[in-house]
Amino acid sequence: QSALTQPPSASGSPGQSVTISCTGTSSDVGGYDYVSWYQQHPGKAPKLMIYEVTKRASGFPDRFSGSKSGNTASLTVSGLQADDEADYYCSSYAGSTWIFGGGTKLTVL
Amino acid sequence: QVQLVESGGGVVQTGGSLRLSCAASGFTFSRYALHWVRQAPGKGLEWVAIISYDGGSKYFAASVRGRFTISRDNFKNKVFLQMNSLRAEDTAVYYCAREGHYGAYAGAFDFWGLGTVVTVSS
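Read top to bottom, the protein sequences are chains A and B.
No gaps in the numbering here: position 84 of the first sequence is 84 in my numbering, and each next residue is one more.
No gaps in the numbering here: position 92 of the second sequence is 92 in my numbering, and each next residue is one more.
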């Protein structure tokens, strides 16, 4: 089972918005509403940001939002801040197993 | 507070074995499924395995199926990953992660440990 497809990099200036896509198949992203997103700063463990496609985890403000259309999920970060610079990973339930995206390095210019 | 602490990592030769442990505290361990997720150096996250809350269901990624086993001890609040026939491509940081359940982070990994490093060398 191949990883979900994410762009390797994304960038934006402070205050701007950026959207990161996560493309799978009907067997994972398109088949279940168990898509989640994780933020990982260098040398740290991942942190849950978004679960069940659109729900925000505790500690993450409404600047972070998730959505899904068909086999593609998206994470939007609005009002970019310096601390948003990190790696972002999507994940989807795939029927008894889970699958991650390859990760997107977000740079705040 | 919820804590997951992995241990057991180290350097092992190709073809060798290691047993990782994850000690949990701060929550009712026996109510949650636990996962192992790994991250090779400079690479992305890769899901490895899940064990259900009662140990009755276990699933593995294709890359480790038949070589790795997962188990848990609900009295000692620990989950284990037995890794056999190790290969160079198994080199990674191995994280233990709790899965939320219906009504609270369902299908997502809501708490993670800090990880333990496994290096497989020839």
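None of these hints come from the bench; they were simulated from the model.
For glycine and all other residues, C-beta sits at the position ideal for the given N, C-alpha and C.
Keep in mind that a hint or two might mislead.
[Stated by the list, open to error] Pairs of lysine-lysine, BS3-like flavour, derived with a Cα cap of 25 Å:
#1 K78/B with K44/A
#2 K78/B with K47/A
#3 K78/B with K68/A
[Stated by the list, open to error] Just the calculated beta-carbon pair ranges, DEER-fashion:
#4 S96/A with R67/B: 14 to 24 Å
#5 S2/A with L114/B: 39 to 49 Å
#6 P41/B with E85/A: 15 to 25 Å
#7 S69/A with R65/B: 24 to 34 Å
#8 S58/A with L114/B: 31 to 41 Å
#9 G103/B with S67/A: 14 to 24 Å
[Claimed, not checked] Covered stretches of chain A, going by a simulated chain B footprint (3 or more residues, C-beta under 8 Å):
#10 29–36
#11 50–61
#12 92–103
Quick rundown of the hints versus the structure:
no.: 1; hint: K78/B with K44/A; in the structure: holds, 22 Å
no.: 2; hint: K78/B with K47/A; in the structure: holds, 21 Å
no.: 3; hint: K78/B with K68/A; in the structure: violated, 35 Å
no.: 4; hint: S96/A with R67/B: 14 to 24 Å; in the structure: holds, 18 Å
no.: 5; hint: S2/A with L114/B: 39 to 49 Å; in the structure: violated, 28 Å
no.: 6; hint: P41/B with E85/A: 15 to 25 Å; in the structure: holds, 21 Å
no.: 7; hint: S69/A with R65/B: 24 to 34 Å; in the structure: holds, 32 Å
no.: 8; hint: S58/A with L114/B: 31 to 41 Å; in the structure: violated, 19 Å
no.: 9; hint: G103/B with S67/A: 14 to 24 Å; in the structure: holds, 21 Å
no.: 10; hint: 29–36; in the structure: holds (count 3)
no.: 11; hint: 50–61; in the structure: holds (count 3)
no.: 12; hint: 92–103; in the structure: holds (count 9)
Checked against the numbered hints given earlier, the structure breaks hints 3, 5, 8 and satisfies all the rest.
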